[in-house]
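Q: Protein chains in written order, with the UniProt record's numbering: chain A, 1 to 632; chain B, 1 to 632; chain C, 1 to 632.
If you're looking for bench data, these hints aren't it; they were derived computationally from the structure. Computed from a predicted model, the values in this text were never measured in an experiment. One should not assume that every hint holds.
From the structure, some residues in chain C lie toward chain B, with a derived Cβ separation under 7 Å [as the list claims (entries may be wrong)]:
1. W91
2. Q350
3. G595
What follows is a list of derived Cβ distance ranges for each label pair [said to hold, decoys possible]:
4. D410/C - T61/A: 29 to 35 Å
5. W23/C - R174/B: 22 to 28 Å
6. R418/C - G176/A: 55 to 61 Å
7. R174/B - G176/A: 54 to 60 Å
8. G496/C - P280/A: 43 to 49 Å
9. L327/A - D410/C: 29 to 35 Å
10. D366/A - T231/C: 47 to 53 Å
11. D410/C - A198/B: 55 to 61 Å
12. W23/C - G567/B: 33 to 39 Å
13. G106/B - G624/C: 51 to 57 Å
For every residue, glycine included, the Cβ atom is placed at its ideal position computed from N, Cα and C.
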Amino acid sequence: MPGLHDVTRGRLLYGGDYNPEQWPPHVWADDVRLMREAGVNLVTVGVFAWAALQPAPDRYTFDWLDTVLDLLHGGGISVALATPTASPPPWLGHRHPDTLPQGPDGIRRLYGSRNQYCPCAPAYRSAALEISDAVAARYARHPALRLWHIGNEYGTVCHCGHCAGRFRGWLRDRYGDLDGLNDAWGTAVWSQRYGDWAEVLPPRRVQYVINPLQDLDYQRFCDDMLLECFTAERDAVRAHNPAVPVTTNFMDLYRHTDGWRWAAAEDLVSLDTYPDPNDPAAAMRAAMSKDVVRSLGGGPWLLAEQSPGAASWRPVATPKRPGLNRLWSMQAVARGADGVLHFQWRASRQGAERFHGAMLPHAGPDSRVFREICALGRELAGLSGVAGTPVSADVAIVLDWDAWRAVELDHLPHAEFRYTDRLTDYYAPLWSDNVTCDFVPGTGALGGYRLVLVPNLYQVSARTAAHLASYVAGGGTLVVGPFSGVTDPSERVYTGGWPGPWQDLLGVRVEEHWPLDAPIAVTSSSLGDFTATMWAEWTEARGAETVAAVAGGTLDGRPAVLRKSFGAGTAWYVATIPAPDAMRRLLRRVCAEAGVAPVLPDLPPGVEAVRRGDLVFLLHHDTGEVEIRRAS
Amino acid sequence: MPGLHDVTRGRLLYGGDYNPEQWPPHVWADDVRLMREAGVNLVTVGVFAWAALQPAPDRYTFDWLDTVLDLLHGGGISVALATPTASPPPWLGHRHPDTLPQGPDGIRRLYGSRNQYCPCAPAYRSAALEISDAVAARYARHPALRLWHIGNEYGTVCHCGHCAGRFRGWLRDRYGDLDGLNDAWGTAVWSQRYGDWAEVLPPRRVQYVINPLQDLDYQRFCDDMLLECFTAERDAVRAHNPAVPVTTNFMDLYRHTDGWRWAAAEDLVSLDTYPDPNDPAAAMRAAMSKDVVRSLGGGPWLLAEQSPGAASWRPVATPKRPGLNRLWSMQAVARGADGVLHFQWRASRQGAERFHGAMLPHAGPDSRVFREICALGRELAGLSGVAGTPVSADVAIVLDWDAWRAVELDHLPHAEFRYTDRLTDYYAPLWSDNVTCDFVPGTGALGGYRLVLVPNLYQVSARTAAHLASYVAGGGTLVVGPFSGVTDPSERVYTGGWPGPWQDLLGVRVEEHWPLDAPIAVTSSSLGDFTATMWAEWTEARGAETVAAVAGGTLDGRPAVLRKSFGAGTAWYVATIPAPDAMRRLLRRVCAEAGVAPVLPDLPPGVEAVRRGDLVFLLHHDTGEVEIRRAS
Amino acid sequence: MPGLHDVTRGRLLYGGDYNPEQWPPHVWADDVRLMREAGVNLVTVGVFAWAALQPAPDRYTFDWLDTVLDLLHGGGISVALATPTASPPPWLGHRHPDTLPQGPDGIRRLYGSRNQYCPCAPAYRSAALEISDAVAARYARHPALRLWHIGNEYGTVCHCGHCAGRFRGWLRDRYGDLDGLNDAWGTAVWSQRYGDWAEVLPPRRVQYVINPLQDLDYQRFCDDMLLECFTAERDAVRAHNPAVPVTTNFMDLYRHTDGWRWAAAEDLVSLDTYPDPNDPAAAMRAAMSKDVVRSLGGGPWLLAEQSPGAASWRPVATPKRPGLNRLWSMQAVARGADGVLHFQWRASRQGAERFHGAMLPHAGPDSRVFREICALGRELAGLSGVAGTPVSADVAIVLDWDAWRAVELDHLPHAEFRYTDRLTDYYAPLWSDNVTCDFVPGTGALGGYRLVLVPNLYQVSARTAAHLASYVAGGGTLVVGPFSGVTDPSERVYTGGWPGPWQDLLGVRVEEHWPLDAPIAVTSSSLGDFTATMWAEWTEARGAETVAAVAGGTLDGRPAVLRKSFGAGTAWYVATIPAPDAMRRLLRRVCAEAGVAPVLPDLPPGVEAVRRGDLVFLLHHDTGEVEIRRAS
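So here's chain A without its partners, still in its complex pose:
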């Protein structure tokens, strides 16, 4: 199987999206000259070029792209070539209105923007395959080609009749027959029993709350349909040259596509990441996204998009300050990236993204942005021996898309309970302490980890539950966060107390969830007293030691943090959301007990340390200077 090493060939990749179709040909040579000046060695071409390549159903115009690829190749610049299927031309929507996606309200979304396709519409599917095949047929052996980039930021959702039809088939595959469907969806509630497959629909507009598993299954189904679109195009291009690896660009932690399943379908994983320069937690969030994508792919990955300046979709689109693009690029490399690409090479003069940052901004080469881009190119070129090397971690965080989607369904106990906030509860203090984390699926291999964190597994299968218990029994340390072990994969609530399958493992029984509208006090002799917010539980220790307990109020005295020896290991349950400083104290204790150490101890605040291969990257996120001495 081809992979990222076939693209890097041992050196770090550097470049960005290149949209030559937006510029007259005389600009192209200038582009190549400036790319070389900047140290660019890979550009992504053709992402939105469908209409430029196939201006009418029966007409292809490849000449311009021939020229561009030859020019790039002549300049020593490689190409990630896209199947341009994320934005069909107007002629497709006009001739086949059924390819235009419908919202839950039945209203079609038209062309004039992008992403206006129904993933199930046969006319879209065949047109997308046709253009993908045509592109691949022409360029699969072009010497500049190094990578296939399929589609773009998959995420489109539709509720049309095509989708309804495919959804029924998907449900039939999953549940066998209508009895199975009725049983799983709990249609006995509210008289929703289906008597005929033809009655079954996507979750369109309703009077009140939708059936939760209808909602969740539709999320799963939509993900599957998008993955079908991806794999069909992947196979189409592979057929022309199996040696060229295939990827598509993920977005920062994104609920609609299950990263584990998508990564498994790719030859290499790549990420679009847009931290907000105005967000004080941006560096931490960026680190988390990067650790996630490294974990999805199980090794080095490609930063497919970041902005050298502003992200134009932000309400306040502040550019990156000088040095910040370098800093975050180095963070990507430190955390496993083998390449740093940007959206985009040359700032567009027109279109909805004309104010998005670019490597070559509107101001032109005589600009601080372009000068920084050139400096970064030189610096990356000097980092020899990094590409392909691994990042190792002693800690794993369980990341599960089913739990994510389920815990954010409607009418759960706390409407503001967000899965990614729960991940952050655990990730942020470890990041501050320079403890490197991997992410794993609930059934992933855990052998190499001293510590496994489960910030939340609201929905958990018996299999996952057993897998994690066996990890503890074998000597591991596990920390489970609140509102976990509540439902099974069919979103049936576990009865008899929570965390359903883990009461014995964790030595606790939760009778009631207790969402909070105001903070509570928690007392702990070992951790110090602290406050907790948003969430508490009516707990009873059944075998676990109480490390912290609620102080005052209705839940006075109820255990809030519990610890239990189980087999050869240790299991913790955290039944609330401690304030960040308390989480840091708690996780320091857990790490110490589990033998987890930071990359470097005692670093000044704002300094991030990551070990990749033989190198330790030290990244200073604050302004001002710090002095760090090598331990003598």
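Since the structure of chain A is already known, use the hints to place chains B and C on it.
A: Chains B and C in isolation, oriented as in the chain A frame:
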């Protein structure tokens, strides 16, 4: 006529909604056993069982319900049996899409949730009657049957063509001909004159503000259509056994259904009430709902639904703390309830309400919730002699749905002026002082009351106005709140000053309404100075004594509280919204003058006292202990 | 050409909208009597009378209007007669559903409110022309007629198929062919290239951001369609009597209709203005609206609508305090109004605007409002010699609808950057200092002005840029605000640094726009230090003197206010949004250098001074008293 006494047969009812169709048959016996343990004597069955009873248009499946009713009867548990028409099965919407309701935007709301019916659709009407008739035919003589529960929480609104057709007929009945309609609706404004009945429509989506009487009449019409649905089903079940009383469950103060008219169509009234445990004013609001429903029915009533734990539709669905369900249950009994039912018996494992509280929670019988439920059952069983006894009050508050709907129309002077807030302005201080109140319609019998409060009658008919004036003339005391006497029942503004028909009664003329964007100061030698918010008026005393006047600003010196002797009685006008403490001082003075006394004087804060029959209920809403000594 | 002088005939106009069709005939004589008492000499009749005049397609009912006009004439009251086309009768929408406008979602907006017409629908166009012609044919020679009032507050937008068809024609006229369209719209971005005119659509609902020029062009197109509606009706009534002038009523600064183009199509300009009495900046905003409308018409103008009390569409519709209507009326006269009209004469009892203020309020003639109306009528009658006199100004502010619409497109760097806020940044301090301003289009004659202000010209044509540069070269003083000179009229971003065509004129090069999420500090030895908000820029002085510079943060030291001599004049660039007090200091310095003086110096705060003809109006906006002495 049958009534609540036929259900209670002298003892307080206790139980909840029971949805056996959600559970395998082996659970049913366990349910009955646990119900007996809890002291349950009445359960509501079949509310959402349409699809379970009629899985296809031509097929009925009553066996399971036969078994359940026999089991319950065998266990000594009575049944309130529902017509399951609140949630039609998917087959109805699929075969008759015209039964699916349309929003003002014309978009149909589909099945997959509940309530997806157009109250005017002939196919819905006939299917609902058919299933109601079938259920009644089978069970009207079942020995467990004690009560019919029609539909559920009526409130569905639709804007489809069926509704348009019925609306035209409704308008023709009300206004006679198009001239009458044009005159009433004021279609001379903005060129809205109708020349043909076919032009007349529900208030669908428009460019700007809708015609106010078109809006108001449509609210009245929708209420009538729902009431037609109710009465048709009521008559269908009555035909099978006139001895079984009929009810439907009201929601807490709810604008869409006029409680006076609905109560008149029922054999007994029942209430679903869901105070928010996080709301500091929850006990007061709950008391108000209960006093309203007692007043609607004119005597004892049934608490049809409350949650033993959380209400899952709340954004922060905090459960009830220990003792709170008992406390609020006792409040219901104190305020006239002859039974306390819950939604629901056994917590659902599936569906949109799976996190709603239940008598038998997910944790099972070994839980503090179930233990409290059992204790409450025992306690209620011990309250002999309470069922059927009356609650008496010296104070009546006028509650009027037309005024409510009208004062919340668009483009009135203050968009945040809410009718129920105005009720609370008056109810809350009296509740704090343990003065018991009834509610009355504007034309209700007032003979027994020392004091009548009109928090707001923005829209008032000449008849109601005269009725209340004659009450005062005969010696009564009346207090009228702000923005009253403004329009007639066709929403025509009274001219010549306000309160239109009450200027003489109240001795005041209001020239201008003066909504406020900031508080104002009011001065009063007898009440003490206070602040007022949201609303003031350009008043002139014409015969009334000025008790309080605005201090400073544009309205400096204008009377804000006025008092006038009228005939043998006294009439007050409150032209603003005083701060709560000022309202309390004002109402204490009014009560003292009118000879209205609290149930018990000088109780500690947080203690509610209600007299029912021979008993005084003392309800302590705060935590901690209080000592109350019987007057020697 | 007829003009406002034909309406005033030398005296100030006074009156309001009169809707006799809402009242029985016996009220009409009373109206005329009370109008005379109030000094009314002009009323606007028939604005919403379409259905009253043409109750069915084939039937006209003019008798009532004959009577009304004769009565008014008999009372010495002149009439502005409307074409009643702003609100078609229900019969039009019912018979021609295609005249009902569609939103971007395709949902039609129905009758029952007002404005429910598609400006492109042939059936609407012909019906509107027919009724306009019929009204004009009957009344064009009526002796009461003094003015034609076409439609009402034009602003309706539709997205239907008629509009799509006309839009294609409009685009063809503008861009010649599809290549021209594709080039201008930048359809190479996101694969939006059009291959057939039939594919081109209005900006209907899409998945993500719409093409920006598709959006902007549709705004331009909709404006043109409304202007077509206006001119067609104008020509229809003119044909019956060319001596009667024609107007339509503008709204306060309104983005959807380009005031310069509309004013050019009218014989006189008129304004509806509704400042919020609760807004502390209301007087300033009102003054700006009035200066704008005077500038649009190039001389005296007509105040067509203001409320004597509340504006009923406000969420908190507080009335005007005593004296406020007089004060704001005098402000209008001071700033060039030759007449003061109100909406409306007699308060409606019905309809959506029944709580809107009126000259004759619901309370009737015995009211403070009516007494003030009568006093104002007397006072205006006493202001002889004012009508027709000019207001002169040394300062001009550039006002440009293309820049306005463009700078508020989606996905620009700061979502809260509002064009009218930018105007206010400059207008407000000058108003506080009693410096009178005109407004001018970007290519307007500037010879008479000592100072020209460009608060924002985000989009600017080469022609406008050159015109303003030549004004400076010739000795003028120009101040340009931030985010200017960014795009050309096809919304193509200028490259090479900003302000694109003005780098030489202003002596500055902007590399990056720097929207702010928090204030920054700016230091200036001459202006004093200050804070600035929302916006900054990465500037480099290239010939200009730095008057103020950013202090601290990423942009530390970058020029924020620059000044450059250019030719015989001076050009300033303000690259940020200084706090109001700093703007005042800056503009005082600029005015002093440019020789611009206030109307009167050293007035107390809250006193506005305007010179009109030989009079100086002194308007005191605060409560309390001030003493102003004539300079000795």
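Q: Tell me the numbers of any earlier hints that the structure contravenes, in ascending order.
A: 3, 8, 11
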